[in-house]
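Colleague: Listed below are the residues making up each chain.
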Amino acid sequence: DAGVTQSPTHLIKTRGQQVTLRCSPKSGHDTVSWYQQALGQGPQFIFQYYEEEERQRGNFPDRFSGHQFPNYSSELNVNALLLGDSALYLCASSLGRGYTEAFFGQGTRLTVV
Amino acid sequence: GQQVMQIPQYQHVQEGEDFTTYCNSSTTLSNIQWYKQRPGGHPVFLIQLVKSGEVKKQKRLTFQFGEAKKNSSLHITATQTTDVGTYFCAGMTTDSWGKLQFGAGTQVVVTP
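In order, the protein sequence lines correspond to chains A and B.
If you read the first sequence in the numbering used here, its first letter stands for residue 1, the second for the next number, and so on.
If you read the second sequence in the numbering used here, its first letter stands for residue 114, the second for the next number, and so on.
Do not rely on the hints blindly, as some may be mistaken.
Simulated pairs of lysine-lysine, DSS-like, Cα-Cα distance not exceeding 30 Å [unchecked claim]:
1) 183(B) <-> 172(B)
2) 170(B) <-> 26(A)
3) 26(A) <-> 169(B)
4) 149(B) <-> 172(B)
5) 26(A) <-> 149(B)
6) 26(A) <-> 13(A)
7) 170(B) <-> 149(B)
8) 164(B) <-> 149(B)
9) 164(B) <-> 26(A)
10) 169(B) <-> 149(B)
11) 183(B) <-> 169(B)
12) 170(B) <-> 183(B)
13) 183(B) <-> 149(B)
14) 183(B) <-> 164(B)
15) 26(A) <-> 172(B)
Stretch-level coverage of chain B by chain A, calculated; a stretch enters the list once three of its residues show a Cβ under 8 Å from a Cβ in chain A [unchecked claim]:
16) 153-159
17) 201-210
18) 213-223
Computed from the model, here is a short list of chain B residues facing chain A with C-beta under 10 Å [claimed, not checked]:
19) 119
20) 143
21) 144
22) 148
These are computed hints drawn from the structure, not numbers from a lab.
Even glycine gets a Cβ: it sits at the ideal position worked out from N, Cα and C.
Throw the hints in and build the complete structure from the sequences for me.
Modeller: Given below as structure tokens:
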């Protein structure tokens with residue numbers, strides 16, 4: 001049983017560009033959450049998708065958007081990249097939205113130059 | 114907005130010693146979860162606490178949820194080198210259902 005898989009594992013982009021990160025949840029999970037983790041910090045909640053809709057959102061600008069597909073996989077899009085967007089982007093899947101453990105993927109390391 | 118704070122930020126422990134890390138929330142939580150992240154790895158779920166005053170044990174790890182559901186602690190006894198990593202608490206409120214707010218973590222270094 002594959003866990004949460006994310007692609008790509010590493011990415012280098014130029015300021016102003018756009019990026020799409022992908023996540024396949026653990027088998028049987030229907031909820032996907034995205035987090036941004038800067039070096040030495042805790043994961044910061046970006047948003048959560050359930051039933052193909054954004055259900056919760058953290059304090060991130062509209063440049064951050066997402067999508068969930070019928071097979072529960074998800075994408076995170078970031079437009080107009082800034083140097084400060086450089087971070088590890090983590091996808092977590094769960095069964096349901098609340099009282100349930102989250103399984104994290106290995107993350108995508110994004111570097112903006 | 115909701116804030117989750119963890120202390121200490123760093124914890125150097127001699128192998129075999131005990132230590133405790135603390136988590137405090139500015140708001141009442143519906144539940145709290147603890148995760149461990151090894152260097153270069155991703156967060157891995159350890160435990161979830163839901164009830165006021167709840168205590169759960171996992172071998173050498175003891176987790177507590179405060180009576181007011183605004184604080185939590187993780188106590189590790191007889192620390193081993195395998196305990197190295199960063200321990201995060203993450204809380205959720207009923208107002209922001211599904212949104213896990215992580216603390217900054219306690220980075221644990223174990224000296225043999």
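Colleague: Next, verify each hint and record whether it holds.
Modeller: Right, here's what the structure says about each hint:
1. Simply put, residue 183(B) and residue 172(B) have alpha-carbon atoms about 25 Å apart, close enough for the 30 Å limit, and the pair holds.
2. With a C-alpha separation of about 26 Å, the suggested pair residue 170(B) and residue 26(A) falls inside the 30 Å cut-off, and the hint holds.
3. Proximity of residue 26(A) to residue 169(B) is assessed by CA-CA distance (about 26 Å); at most 30 Å being required, the pair is judged to hold.
4. Simply put, residue 149(B) and residue 172(B) have alpha-carbon atoms about 15 Å apart, close enough for the 30 Å limit, and the pair holds.
5. Using a Cα cut-off of 30 Å, the hinted pair residue 26(A) and residue 149(B) holds, with the two alpha carbons roughly 19 Å apart.
6. Distance hint between residue 26(A) and residue 13(A) is fulfilled; the C-alpha atoms sit about 28 Å from each other, no more than 30 Å.
7. Note on residue 170(B) and residue 149(B): the hinted pairing holds, with a Cα-Cα distance of about 15 Å set against a maximum of 30 Å.
8. The suggested pairing of residue 164(B) with residue 149(B) holds, with an alpha-carbon distance near 21 Å, which does not exceed 30 Å.
9. For the hint linking residue 164(B) to residue 26(A), the alpha-carbon distance of about 27 Å falls within 30 Å, and the restraint holds.
10. Only pairs whose Cα atoms come within 30 Å are accepted, and residue 169(B) paired with residue 149(B) is accepted, the gap being roughly 16 Å.
11. Between residue 183(B) and residue 169(B) the CA atoms are separated by roughly 17 Å; this keeps the pair inside 30 Å, and the hint holds.
12. Restraint check for residue 170(B) and residue 183(B): satisfied, since their Cα atoms lie roughly 20 Å apart, inside the 30 Å limit.
13. Our distance criterion of 30 Å between C-alpha atoms is met by residue 183(B) and residue 149(B), whose separation comes to about 20 Å.
14. Note on residue 183(B) and residue 164(B): the hinted pairing holds, with a Cα-Cα distance of about 11 Å set against a maximum of 30 Å.
15. Note on residue 26(A) and residue 172(B): the hinted pairing holds, with a Cα-Cα distance of about 27 Å set against a maximum of 30 Å.
16. Residues of the segment 153-159 of chain B lying with their CB closer than 8 Å to a CB of chain A number 5, which satisfies the three-residue condition for coverage.
17. By the rule of at least three residues with a Cβ nearer than 8 Å to a Cβ of chain A, the coverage given for the segment 201-210 of chain B holds, with 5 such residues.
18. Check result for the segment 213-223 of chain B against chain A: holds, 6 residues qualifying (beta carbon to beta carbon below 8 Å, three or more required).
19. The beta carbon of residue 119(B) comes within 8 Å of a beta carbon in chain A, closer than 10 Å, and the hint placing it at the interface holds.
20. A least Cβ separation of about 8 Å between residue 143(B) and chain A falls short of the 10 Å threshold, and the interface hint therefore holds.
21. Taking 10 Å as the C-beta contact cut-off toward chain A, the hint placing residue 144(B) at the interface holds, the least distance being around 6 Å.
22. Satisfaction of the interface hint for residue 148(B) is found here, the shortest Cβ-Cβ separation to chain A being roughly 8 Å, below the 10 Å cut-off.
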